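Q: Sequence:
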Amino acid sequence: MKRQNVRTRGAHRVYFTYLLVGAAVFDALESEAETAEKRGWRPRARVKTSKPERRELPGARAGRAQAQAAQAGVQWKFAGSFYFAITVIPP
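Position one of the sequence shown corresponds to residue 1 (UniProt numbering), numbered consecutively onward.
In case anyone wonders, no lab produced these hints; they're calculated from the structure. Remember, predicted model here, so these are calculated numbers, not experimental data. All C-beta atoms in this analysis are idealised placements derived from N, C-alpha and C, irrespective of residue type, glycine included. Heads up, a few of these hints could be off.
Simulated restraints, written as ranges between beta carbons of each label pair [said to hold, decoys possible]:
| no. | residue 1 | residue 2 | range |
| --- | --- | --- | --- |
| 1 | R9 | I89 | 13 to 23 Å |
| 2 | A24 | P90 | 29 to 39 Å |
| 3 | L29 | R9 | 28 to 38 Å |
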């Protein structure tokens with residue numbers, strides 16, 4: 001095998017390992033915080049959705065977006081953290 005190919009494969013392995021470690025760190029740091037934040041949103045989301053008003057209030061879209069995000073579940077599991085590491089952490 002050529003020396004350049006060995007270096008390239010080594011660089012790919014180092015980068016992939018770096019991404020895995022970064023994803024594990026983000027998962028460890030953000031998962032608990034997101035779960036705690038989601039617990040705080042649950043009572044408010046229930047109160048907002050139980051009101052029978054139909055008109056569009058200022059900030060209602062933001063409230064709906066937050067409620068949808070709260071219903072979606074925890075995003076900082078390992079898969080979400082890995083995606084974040086791939087898209088944000090530069091090589």
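Q: Could you tell me which of the hints above the structure violates, numbers in ascending order?
A: 2
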